[in-house]
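**Student:** Residue numbers (this note's numbering), protein chains in the order written: chain A, 1 to 319; chain B, 1 to 282.
The set of hints was computed from the structure by calculation and includes no laboratory data. Built from N, CA and C at the ideal position, the CB exists for glycine as well. One should not assume that every hint holds.
With the Cβ distance kept under 7 Å, some of the chain B side facing chain A (calculated, not the full set) [stated by the list, open to error]: (1) TYR114; (2) ALA126; (3) HIS129; (4) SER132; (5) ILE133; (6) SER163; (7) GLU166; (8) ALA167.
Using 27 Å as the maximum straight-line C-alpha spacing, the simulated DSS-like pairs for lysine-lysine come out as follows [to be verified]: (9) A:LYS40 / B:LYS173; (10) A:LYS11 / A:LYS260; (11) A:LYS36 / A:LYS11; (12) A:LYS158 / A:LYS290; (13) A:LYS36 / B:LYS173; (14) B:LYS238 / A:LYS36; (15) A:LYS40 / B:LYS264; (16) A:LYS149 / A:LYS40.
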Amino acid sequence: MRNTAMNMVHKLAARDERVLYIGSDPGAGTLRAMSKEFPKRHLIEGISEAHIIGMSAGLAMEGFVPYVNTIATFLTRRCYEQVAVDLCLHNLPVRLIANGGGLVYAPLGPTHQAIEDIAIMRALPNMTVICPCDADEAARMMERTLDWKGPIYIRLGKGGDAIVSKAEHGFEIGKAILMRPPGDVLMVTTGIMLQRALAAADLLAAQGIRAGILHMHTVKPLDTEALLQAIRGVKLLATLEEHVPSGGLGSAVAETLIDKLGSGLPAMLRLSLPDRFMHNYGSQDSLLKKHGLSAGAIATSIERTLAASPTPSPQLHST
Amino acid sequence: MIQISPHAEAALTCTLDERSLYLRRLVLGSVRSAGRGHVGPALSLIEMVRVLYDDVLRIDPQNPQDPHRDRAILSKGHGCLALYALLADRGFFPLSELDGFCGSDSILGGHPEYGMVPGVEASTGALGHGLSIGVGLALAARMRDRSYRTFVLLGDGEINEGSVWEAAMGAAKHGLDNLVAMIDYNKLQSYGPTDYVLPLEPLADKWRSFGFAVQEVNGHDVSALRTVLKQVPAVPGKPTAVICHTVKGKGLPAAESNADWHHKNKLSDSELDAIRVAVGDF
Numbered sequence: 001m002r003n004t005a006m007n008m009v010h011k012l013a014a015r016d017e018r019v020l021y022i023g024s025d026p027g028a029g030t031l032r033a034m035s036k037e038f039p040k041r042h043l044i045e046g047i048s049e050a051h052i053i054g055m056s057a058g059l060a061m062e063g064f065v066p067y068v069n070t071i072a073t074f075l076t077r078r079c080y081e082q083v084a085v086d087l088c089l090h091n092l093p094v095r096l097i098a099n100g101g102g103l104v105y106a107p108l109g110p111t112h113q114a115i116e117d118i119a120i121m122r123a124l125p126n127m128t129v130i131c132p133c134d135a136d137e138a139a140r141m142m143e144r145t146l147d148w149k150g151p152i153y154i155r156l157g158k159g160g161d162a163i164v165s166k167a168e169h170g171f172e173i174g175k176a177i178l179m180r181p182p183g184d185v186l187m188v189t190t191g192i193m194l195q196r197a198l199a200a201a202d203l204l205a206a207q208g209i210r211a212g213i214l215h216m217h218t219v220k221p222l223d224t225e226a227l228l229q230a231i232r233g234v235k236l237l238a239t240l241e242e243h244v245p246s247g248g249l250g251s252a253v254a255e256t257l258i259d260k261l262g263s264g265l266p267a268m269l270r271l272s273l274p275d276r277f278m279h280n281y282g283s284q285d286s287l288l289k290k291h292g293l294s295a296g297a298i299a300t301s302i303e304r305t306l307a308a309s310p311t312p313s314p315q316l317h318s319t
Numbered sequence: 001m002i003q004i005s006p007h008a009e010a011a012l013t014c015t016l017d018e019r020s021l022y023l024r025r026l027v028l029g030s031v032r033s034a035g036r037g038h039v040g041p042a043l044s045l046i047e048m049v050r051v052l053y054d055d056v057l058r059i060d061p062q063n064p065q066d067p068h069r070d071r072a073i074l075s076k077g078h079g080c081l082a083l084y085a086l087l088a089d090r091g092f093f094p095l096s097e098l099d100g101f102c103g104s105d106s107i108l109g110g111h112p113e114y115g116m117v118p119g120v121e122a123s124t125g126a127l128g129h130g131l132s133i134g135v136g137l138a139l140a141a142r143m144r145d146r147s148y149r150t151f152v153l154l155g156d157g158e159i160n161e162g163s164v165w166e167a168a169m170g171a172a173k174h175g176l177d178n179l180v181a182m183i184d185y186n187k188l189q190s191y192g193p194t195d196y197v198l199p200l201e202p203l204a205d206k207w208r209s210f211g212f213a214v215q216e217v218n219g220h221d222v223s224a225l226r227t228v229l230k231q232v233p234a235v236p237g238k239p240t241a242v243i244c245h246t247v248k249g250k251g252l253p254a255a256e257s258n259a260d261w262h263h264k265n266k267l268s269d270s271e272l273d274a275i276r277v278a279v280g281d282f
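Start from the sequences and build out the full structure, keeping to the hints where you can.
**Tutor:** See below:
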């Protein structure tokens with residue numbers, strides 16, 4: 001996914017002279033081909049994220065579209081005030097390409113695990129937050145970033161994630177994709193939780209439970225219309241995210257439903273990482289499994305919750 | 001310890017001409033109307049802003065978005081009263097706006113906002129942002145082959161921020177000789193003296209070692225400022241730092257070098273009388 005997104009920056013740069021790549025201190029050879037073809041638009045600015053965000057703001061004020069790239073935690077925690085003030089307050093078209101969203105950097109420990117990035121980016125006015133699920137979707141997503149007004153936070157996965165997105169679904173920022181029609185259950189996912197949700201849906205189907213999947217690649221702006229459409233008639237709404245429980249996808253969905261449905265809320269299960277820093281290493285998969293976010297654990301949680309759920313509220317059946 | 005620069009000594013004793021007094025009346029009129037304002041940081045800055053807007057910047061108040069205009073960013077956004085006075089005086093917006101300072105429907109807030117105030121190039125107030133934005137503007141000029149210059153006004157307390165030095169390294173890396181950092185070196189930040197809060201000396205050497213061509217000047221000497229700012233870049237191929245030795249609260253004896261006047265909430269009758277004595281009726 002990361003290589004695809006990077007190569008898309010090069011491709012966009014070839015098409016549009018406004019496009020810049022700005023890295024801090026990325027891996028050797030990052031976008032080497034672009035650096036040779038467009039050396040003036042391939043900028044490596046050092047481990048100085050606060051400065052890089054401000055500089056990108058200045059470049060964007062002059063009409064450029066900078067794609068800023070470094071590790072997710074450094075692009076969010078380190079320079080939060082610059083992102084808030086320089087990018088969001090000025091509403092500038094800077095794209096933050098965050099390597100290693102979620103637990104991708106599991107072996108490197110909590111300084112490198114971006115577990116609250118969606119929450120803190122989503123909290124900022126004017127910010128758009130996108131979490132593609134695989135490389136193909138990342139490519140389609142990048143096409144749409146060129147002319148989007150305002151800043152975008154792009155949370156990338158590890159790379160090598162199973163390709164589950166489909167070209168026929170296309171990609172529009174802010175438009176969720178219904179991957180499977182809703183049944184007893186609707187799972188709402190973002191990023192690479194889609195792959196786990198698809199496998200969990202198969203497991204649930206084997207138990208006679210029909211589970212739909214709404215892929216919310218854009219967490220902000222949230223596709224309220226698709227969400228309200230998809231929850232009609234479901235007995236249980238489950239949100240799945242590689243993120244702490246506060247402020248991420250589950251929060252966004254719950255907030256939206258409260259605003260739109262008032263008291264008639266569906267039974268809801270929020271599956272996420274716990275509200276703590278990870279002190280385990282291993283791999284992204286092993287940490288997801290440890291925290292109940294493997295396909296099997298997701299299916300089990302849904303099955304148990306469904307069994308304990310009361311009758312769905314009348315509003316969920318209304319049309 | 002602060003090195004006593006001859007420019008710093010000159011800043012303490014130099015007198016202000018009628019235009020400088022007039023601009024102070026505008027600033028203090030806003031403070032009187034609003035019942036609040038960063039007085040000291042604005043008064044130390046006035047001649048720096050005055051010379052920029054009167055004599056140096058290639059700007060047209062009737063066309064504030066002209067792509068070829070010089071850019072100026074007030075990175076020490078809390079000094080905005082000085083900027084507002086100059087922008088109003090130069091016709092970017094009516095002088096009457098100054099009376100609405102910090103009012104709920106005013107365009108003029110306690111820190112300047114891009115898009116709200118004609119002539120303001122960037123929203124500032126959180127310190128340590130302006131130089132990086134300036135690097136971006138200056139780099140864009142280079143990439144677009146445009147001749148505009150970018151001036152960034154920084155406070156001395158502001159350069160406590162590490163991001164300023166990140167930006168300085170970036171400016172030097174790109175050899176941005178179309179970028180000028182002007183430091184309002186009044187030697188007094190919110191809590192107290194800069195050499196108590198976080199010593200900056202040797203300040204000129206710091207900027208020099210970060211790759212800037214450095215000039216030092218009495219920041220209240222209009223003629224000297226003019227000379228220095230009209231000769232940028234000081235060294236081709238290098239960004240310029242102009243260390244402007246100033247006096248916090250300059251022109252108002254009660255406020256000069258007095259941290260209590262960093263921000264004033266209300267001016268008493270006796271303070272208003274003292275202001276009239278110092279800068280004239282307003």
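**Student:** Of the numbered hints stated earlier in the document, which are not met by this structure?
**Tutor:** Hints 10, 15 are the ones this structure does not satisfy, whereas the remaining hints hold.
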